[in-house]
Every structure is written in C-alpha cells, then in structure tokens.
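Enquirer: Heads up: the sequence lines are chains A and B, in that order. With the numbering used here, the residue at position 23 of the first sequence is 23, and numbering never jumps. Plus 1000 on top of the position in the second sequence (first one is 1) and you've got the numbering used here.
Among these hints, one or two may not hold up.
[As the list claims (entries may be wrong)] In silico lysine to any residue, SDA-like type, Cα no more than 25 Å apart, as pairs:
1) K1080(B) / T184(A)
2) K4(A) / Q97(A)
3) K232(A) / L1035(B)
4) K1080(B) / V190(A)
5) K4(A) / Y131(A)
[To be verified] Between beta-carbon pairs, the in silico distance windows are:
6) M204(A) / A1078(B): 19 to 29 Å
7) L1062(B) / M123(A): 31 to 41 Å
8) V1095(B) / A104(A): 42 to 52 Å
9) R1027(B) / G210(A): 27 to 37 Å
10) G99(A) / V1070(B): 26 to 36 Å
11) L16(A) / L1009(B): 24 to 34 Å
Keep in mind that the hints were calculated from the coordinates and are not lab data. No residue lacks a Cβ here, since even glycine has one placed at the ideal position from N, Cα and C.
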Amino acid sequence: MTSKRSVFLRGMRDGLPVGAGYLAVSFAFGLAARRLGFTTLAASLMSFTNLTSAGQFAGAELIATGTTVIELALTQLVVNARYFLMSCSLSQRLDQQTGFLQRALMGWGISDEIFALSQAYPMPLSPLYTYGLMAICIPCWTLGTLLGASLGAVLSQSMMNALGIALYAMLTAAIVPHSRQDKTIRLIIVVSMSTSGLAAILPMLRDMPGGLRIVLLTVVITSLTAWRFPLKEEQP
Amino acid sequence: MSNVYAYILLMAGITYLIRALPLLFIRRRITNPFLRSFLSYVPYVTLSVMVFPDVLSATGSLASALIGFVTMMGLSLARKNMFVVAIASCAVVFVTELLM
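Given these sequences and hints, build the entire structure.
Expert: Structural data, given as structure tokens:
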C-alpha cells in the first residue's frame, strides 16, 4: 500500500515536464490575449478557470471581436467535446467508491495532458495522483499566461516555434510506448493518425471545426476497433 | 468587451460540465464488452488524432515540424520518458530552424 503522500508527490513529479510545456504554450496564449485587448488579470483568470488551449484561443478571439452568449457557449461545446469522452474513459479507471467531491474536483483538471498521464496510471486511478498533476499544471498554465500577457515578446520567435512542439511530444510519449507490447494499440495509433491526416485534406471533413472533427474521428475509429478487437475478459 | 468576466466564467462553466459530468455520473463498472473496449481505446485514438496532422503546423515550418515529429515518434518507441521526448523534440526543431 503506497502512502497517500507518495501518490500525490508522484503526480507532482510526473507533472513537471507537462508544467514546463504549459508555461511555454500559455505564455503564447497570454501574449495573444493581450494583443486582443484582454487585461493580464482577465487572461490569467481565463487560464486558471478554463485550462484548455484550443478552447481559450477560440473563446478569447470571439470575446474580443464581439460574440453572443449562444455562439460562445456552442464554440466551447464543440472545441472541448473531446473532454467528454476522456472523462467517460477515466470514470472506468477510478475506484467505484470514489466520492462525489473527489470526482467534482478531478473534473476541473482533465486537460489533454493530465488525462494522458492519469489514464496511464495503474488501475484503480487514485484521485490523489491527478491532484498532484493538477497542483503543478494549473499554476504553470496560469503563471505562463500572466507572464505572456505582462512581459510580452521577450522570447524570440524561433524559441516560441521550438516550444510549440512540446505538448505534441508529450501526448505522443503518453501513448506510443504502449504500442510496443500491444498489437491492437499499434494498429489504432497508425490508423488514427493516417485517418486524421486524410480528414484534414478531404473536402467536407477539412472544413469541419477542428474540435468536432476530433470527436467524430474518435467515435468512428474507436467504435470500429472496439467492435473488431474487443478486449479480452481478464484485461482491465 | 464589457462583460468580459461573465464571458470567461461562461466558458469555464461549460468546459467544466463537459469534463465533470461523466466522472460524476458514470459510477458503475461498465460490463458491456463493446463499451468497455470503446472506453479503453478512446485515449489512443483521440490523442493520436489530436497529434497528427496538427503537429505539422506547430512550428515555424513544415520541415522543422516533420523532423520534430519523427524525433518524438522514434524516442517514444524507444520508451524514453516524456521529459526527454519533449526536450529533444524542441531542441531538434530549434536547431533545424537555425540551419534553414
């Protein structure tokens, strides 16, 4: 039985590289928000409460150029719909006894990267592990925004370009290693990336909002795989 | 920009509900084999779809992004940890853009 403290600390430690990536990406968000006319406080508050990248970039632009409540709400729903699937998936990794408040608190923290790390934690997922991740990642995301909005362009463009790839590298590192032992996962990753590449150039699919395309592709590809390659009974 | 804080809270509220509702209300262990398989495969599909092809426009040029992508895939397959993969990919992109 590992102590609660060590589970939380493990989350914080695993969260460090994500936090570093978040600093860079939210710095870019802070910069963009400032240019759109947001105050440093408003931009930082948005990061602290929203904890999304695409959703915030889209939302900030809408607010700055004038929007309606309905338009803003629908955009967030579409851009962030993938979190719904991630949350469904995580619900199966938690101990069933996990209480309402614990689940409510975890809900705040399901970003792509925190989800990626949480789902890789051995079953059952301890909320404390996710809290450890959140304790690093949320302050980093907020602080990066604050620095980007207040300091502006202290990083050179080439440094920003290099940092732009960090979050993709982390998502890759969270899933690809599992493909070494598991043929189904290898197939899933290859098929998903190729289909997604195709969808980005095919007419109709290409013009779909990105968030919606992610959800559509996820539902279709996951359904086909689950139907064709169901899990063996003993697997979690 | 008058109701900016109200708009920010609206965004936060909607995003929160999307993320929290399934966690709050799916409390049973799902036993249906299809659904169980579906939920266990979701991470791989959705994260793959998010990475590619968006990664190709994450940097200043397609060439540096491609080299960064190959680097992250190779190191991930070699089971390097997340930190190493991220730093190496950033470094490769930075150097590629310097050389171009």
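Enquirer: If a hint holds in the structure, say so; if it doesn't, say that too.
Expert: Results of checking the hints against the structure:
| no. | hint | result |
| --- | --- | --- |
| 1 | K1080(B) / T184(A) | holds (21 Å) |
| 2 | K4(A) / Q97(A) | holds (16 Å) |
| 3 | K232(A) / L1035(B) | holds (13 Å) |
| 4 | K1080(B) / V190(A) | holds (20 Å) |
| 5 | K4(A) / Y131(A) | holds (11 Å) |
| 6 | M204(A) / A1078(B): 19 to 29 Å | violated (38 Å) |
| 7 | L1062(B) / M123(A): 31 to 41 Å | holds (40 Å) |
| 8 | V1095(B) / A104(A): 42 to 52 Å | holds (45 Å) |
| 9 | R1027(B) / G210(A): 27 to 37 Å | holds (32 Å) |
| 10 | G99(A) / V1070(B): 26 to 36 Å | violated (45 Å) |
| 11 | L16(A) / L1009(B): 24 to 34 Å | holds (30 Å) |
Hint compliance for this structure: hints 6 and 10 are broken, all remaining hints hold.
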